[in-house]
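*Asks:* Each chain, written out:
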Amino acid sequence: MVYALIGVLIGVLIGFLLPFTYNSAYTLYVSVAILACMDSIFGGIRANLEGKFDATIFVSGFIGNAILAAFLAYIGDRLGVPLYYAAIFTFGNRLFDNFAKIRRIITSKRKTIKDKNGTTI
Amino acid sequence: MKEYNPKLTIGIFSALVGILFASQVKMNIQMVTPVTISSIQRLELEAKSLKTDIDDLKLNIEDKQKYLDLIENTDYSEKNIISVLEDERDKNMLLAGYKTVAGPGIEIVMFDNINSDELSFDFNDGIIHDVDMQNILNDLRVAGAEAISINGERVLSFSDIKCAGPVIRVNGRSLGTPFIITAIGDPKLLMASVSAPGTYAEMLTKVYGIGIQPYSKDKLIIPAYSGDFSYFYAKAVQ
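Those protein sequence lines, which keep their order, are chains F and A. When we follow the working numbering, the leftmost residue of the first sequence carries the number 1, and every step to the right adds one. When we follow the working numbering, the leftmost residue of the second sequence carries the number 122, and every step to the right adds one.
A couple of the hints might just be wrong.
The calculated SDA-like cross-link candidates involving lysine to any residue, where the alpha carbons are at most 25 angstroms apart (straight line), are [claimed, not checked]:
no.: 1; chain 1: F; residue 1: Lys52; chain 2: A; residue 2: Ile133
no.: 2; chain 1: F; residue 1: Lys101; chain 2: A; residue 2: Thr130
no.: 3; chain 1: A; residue 1: Lys327; chain 2: A; residue 2: Thr298
no.: 4; chain 1: A; residue 1: Lys147; chain 2: F; residue 2: Ile6
no.: 5; chain 1: A; residue 1: Lys338; chain 2: A; residue 2: Ala223
no.: 6; chain 1: A; residue 1: Lys128; chain 2: F; residue 2: Gly51
no.: 7; chain 1: A; residue 1: Lys169; chain 2: F; residue 2: Ala25
no.: 8; chain 1: A; residue 1: Lys128; chain 2: F; residue 2: Phe53
Simulated from the structure, these hints should not be mistaken for lab results.
Let's have the full structure, built from the sequences with the hints guiding it.
*Replies:* Quick look at the structure:
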């Protein structure tokens, strides 16, 4: 969790310092892509906590999900159907799902530590 | 395969998300609304109507300019002034409804429900009331009717339409069925306003069985307002 937060903070700093902008017509696609990326990050944190983190799966998911989400938004724009709702729904859902699992893992770890302390004292 | 440090990997990619996030914030977008085809069409329609509004206003300005030129260019000999003023008076009388007018429009024949057994609960349902008349006149005005008369009685802005037993009083005069409403305007629009599905007239015919027969006419004559009207209480604000 902490390293992800630190990473985001560093990224925000870099983003504000760099003169990096893009066409404002793409903001919708980028925002959906950001959501997909955040989902991947949460998934990565969870996998790390569970001890089955795979860098290939993480990176491919990170990039692939972002591209797919942005592409879905783009196609929806062309067709006149807001298809990006699908991306928002899926990734939003999974985001909360992952976060719930992370919370459980962290709290259960704390509990086990407490139990150990309890037994020793 | 080389083992990656998961924390470092996640941290680096979080930084990527952060960069994207920051750039998105930097764009300073108030609201992200998707541009759909329907929204484009709506905007196009809005732009079109605004353009026609602008054109109308421009025409209006031209008219006013012409009138101004006319006034400025008349030499102030008595005869010219009188003719200009008379023209203006005639125009104002025409607009106020004190002149007989002619033009294309529609004629609507309205009569009470003939089949007395069709709607037998309340006889009031089958006869034409002042409200029905007012609603139909309103529909006609919405459709752009320029002059309206009922049974030859000119309806103006201050005309009263009131039920009085079996008759309807218009301008203080009693009129009986069948009512013949004459309206000058775009015949197609006027016809639509009293015959299209969902209009008040259609409801009257379909539900209450009141007879409403509109006829499109090329030339109709609507008489001038015959009464006298003047303000007693209302005074112009300077």
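*Asks:* Would you mind marking each hint as holding or not holding in the structure?
*Replies:* Right, here's what the structure says about each hint:
At roughly 19 angstroms between alpha-carbon atoms, F:Lys52 and A:Ile133 fall within 25 angstroms of each other, so this suggested pair holds. Simply put, F:Lys101 and A:Thr130 have alpha-carbon atoms about 20 angstroms apart, close enough for the 25 angstroms limit, and the pair holds. Annotation: proposed proximity of A:Lys327 to A:Thr298 holds, straight-line Cα distance about 19 angstroms (limit 25 angstroms). A distance of roughly 20 angstroms separates the Cα atoms of A:Lys147 and F:Ile6; the hinted pair therefore holds under the 25 angstroms criterion.
Restraint check for A:Lys338 and A:Ala223: the C-alpha separation of about 11 angstroms stays at or below 25 angstroms, so the hint holds. A distance of roughly 12 angstroms separates the Cα atoms of A:Lys128 and F:Gly51; the hinted pair therefore holds under the 25 angstroms criterion. The suggested pairing of A:Lys169 with F:Ala25 holds, with an alpha-carbon distance near 24 angstroms, which does not exceed 25 angstroms. A C-alpha spacing of about 10 angstroms is found between A:Lys128 and F:Phe53, which places the hinted pair at or below 25 angstroms, so the restraint holds.
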